Amino acid sequence: MLSGFLRLIPILLLAGVAGLIGEWFLRDELGWLLAVFIIVFSLFIAYVNQSRLDAFVKGAGISHLSGFGGAWAEIFFKLQRIITGLRKDIEQAERQHKRFIEAFQASPNGIVMLDDQDQIEWCNAIAERFLGIELKRDVLQRIHYIVRKPEFVQYITERNYEEPIVLEKMSGSSLILRLQAFPFSENRRLVLIQDITDLSKAEAMRRDFVANVSHEMRTPLTVMMGFLETMQTLDLPPEQKAQYLEMMMDQGKRMKNLVEDLLTLANLEANTQPAPLNSVSMSYLMSLIKNDAYALSQGKHALNFNLNTTCNLLGEEREVLSAFSNLVSNAIRYTPEVGSVTVSWGINPAGEGEFSVTDTGPGISAEHIPRLTERFYRVDRSRSRETGGTGLGLAIVKHVASRHQAQLVVESTLGKGSTFTLRFPPERIS
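Each residue of the sequence shown is one higher than the one before, counting from 8 in our numbering.
Read the hints as simulated data drawn from the structure, not as lab findings. Values in this document were obtained by computation on a predicted structure and should not be read as measured data. Treat the hints with care, as some may be off.
Here are the simulated lysine-lysine pairs, DSS-like style, with alpha carbons at most 25 Å apart [said to hold, decoys possible]:
#1 K208 - K405
#2 K307 - K260
#3 K208 - K176
#4 K297 - K423
#5 K156 - K208
#6 K297 - K405
#7 K176 - K156
#8 K95 - K85
#9 K156 - K105
What follows is a set of in silico ranges between Cβ atoms, one per label pair, in the way DEER data are often shown [to be verified]:
#10 I90 - L206: 34 to 42 Å
#11 I108 - S192: 15 to 23 Å
#12 F189 - Q57: 46 to 54 Å
#13 S286 - W129: 38 to 46 Å
#14 V345 - K263: 28 to 36 Å
#15 R213 - A357: 24 to 32 Å
#16 P432 - N116: 31 to 39 Å
#17 Q57 - D122: 38 to 46 Å
#18 A309 - K208: 35 to 43 Å
All C-beta atoms, glycine included, are put in the ideal place defined by N, C-alpha and C.
All chains, full assembly: derive it from the sequences and hints.
Following this line, the structure appears as structure tokens:
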């Protein structure tokens with residue numbers, strides 16, 4: 008009230024001066040009428056400006072601050088400048104907030120912000136998918152009411168966040184997640200969630216690979232050591248010694264083939280670049296494959312080789328020969344005696360090059376076909392060892408196909424045989 012009274016002092020002084028001037032010059036009531044008019048007019052201006060200020064305070068736009076001149080104009084100008092600055096600061100803060108949210112949304116990892124009561128304040132879309140959260144529905148809900156895995160509930164409630172935890176089979180799928188919470192201001196927590204499904208699978212494959220290699224090497228080594236101990240402790244006739252030496256030689260060749268296949272596979276996995284566009288003579292390759300096939304079959308199978316086109320392949324000759332030889336040798340090994348193996352090279356109606364190997368072997372069940380290219384995966388382990396395979400042939404074929412943008416197609420029927428086809432794109436045909 009005091010400040011309002013002080014603002015009226017200039018108006019009252021102005022009215023008094025006007026009244027004195029009127030009394031001095033006019034010597035009648037006109038001067039006092041002028042004074043009353045000035046007072047009323049000044050009060051009217053104050054009322055209008057105050058009304059506009061009240062409207063602004065109650066939520067009207069900044070345009071309501073424009074008013075008449077005088078002291079109020081300076082007040083309104085200062086208010087407009089302060090408000091404009093505040094608006095710019097708010098807009099900048101909103102832009103920064105929006106950028107932070109967009110950055111969190113773009114993160115490949117899940118992010119959940121919890122308050123001091125473990126209630127969800129915010130999470131990004133990845134966290135919603137990982138944990139089965141719906142932010143609009145679950146905001147301010149305690150997170151362990153939604154993620155009910157006992158190990159997660161214990162981790163959140165005990166507040167020991169030095170090490171992450173791993174949760175398997177999340178959101179009704181095969182997801183494997185690594186979670187770790189990080190405390191920050193006002194006893195809040197930031198939970199980071201990483202999808203380690205592929206990493207876990209790779210680690211499992213590595214363990215299986217080491218175990219399989221150890222097992223494959225241990226079997227021939229055990230056989231060789233057994234024969235050597237026998238020859239050292241017993242006086243064997245020359246014929247039996249020769250037989251044992253031949254068996255040890257077979258086991259040594261088996262280990263040599265395994266090591267060579269491992270080295271080939273390691274080189275293919277290390278080189279992820281597309282194969283060069285070198286011209287590979289298919290007639291020359293078919294002659295090499297034919298000679299190796301006859302040597303492996305030893306006249307026990309009917310072998311047919313069809314070169315249906317003179318077009319050559321563009322790629323890496325050594326890798327292509329390795330892939331083709333693996334398909335042909337697999338067909339011969341798994342086809343019973345008196346069976347047939349047909350090898351063909353041609354161009355299909357789409358302009359793609361097709362190298363196909365068809366056998367009359369036992370065939371493969373449909374559930375095994377997707378896993379045939381896994382390292383050391385065998386449909387029949389005992390039969391695979393009898394045939395001398397290393398279990399790496401189709402894994403090598405898969406990597407060679409990838410380097411040449413080719414597709415491996417497997418068609419098989421139990422009891423009738425199988426067809427393995429490598430289909431190369433038209434740009435790989437010369």
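Status of the hints after comparison with the structure:
1. Taken as a hint, the K208 and K405 pair is honoured in the structure, with Cα atoms around 18 Å apart against an allowance of 25 Å.
2. Our distance criterion of 25 Å between C-alpha atoms is met by K307 and K260, whose separation comes to about 22 Å.
3. Of the pairs offered as hints, the one joining K208 and K176 holds, with about 13 Å between alpha carbons and a cut-off of 25 Å not exceeded.
4. The hinted pair formed by K297 and K423 meets the criterion: a straight-line CA distance of about 23 Å does not exceed 25 Å.
5. For the hint pairing K156 with K208, the CA-to-CA distance comes to about 22 Å; that is within 25 Å, so the pair holds.
6. With a CA separation close to 22 Å, the supplied pair K297 and K405 stays within the 25 Å bound.
7. Between the alpha carbons of K176 and K156 the distance comes to roughly 10 Å, so the proposed pair stays at or under 25 Å and holds.
8. With a C-alpha separation of about 16 Å, the suggested pairing of K95 with K85 holds against the 25 Å cut-off.
9. As the CA atoms of K156 and K105 are separated by approximately 33 Å, the hinted pair breaks the 25 Å bound.
10. For the pair I90 and L206, the supplied restraint of 34 to 42 Å is violated, since their beta-carbon distance comes to about 53 Å.
11. As the Cβ distance of I108 to S192 is approximately 18 Å, the hint placing it in 15 to 23 Å holds.
12. For the pair F189 and Q57, the beta carbons lie near 53 Å from each other, so the given range of 46 to 54 Å is met.
13. Checked against the given bound of 38 to 46 Å, the beta carbons of S286 and W129, roughly 59 Å apart, lie outside it.
14. The hint said 28 to 36 Å for the Cβ distance between V345 and K263, and at roughly 30 Å that hint holds.
15. Checking the proposed 24 to 32 Å range against R213 and A357 shows it is violated: the Cβ atoms sit about 38 Å from each other.
16. In this structure, P432 and N116 meet the distance hint of 31 to 39 Å, their C-beta atoms being roughly 36 Å apart.
17. Roughly 43 Å separates the CB atoms of Q57 and D122, a value that falls within the hinted 38 to 46 Å.
18. Between A309 and K208 the beta carbons are some 42 Å apart, a value that agrees with the proposed interval 35 to 43 Å.
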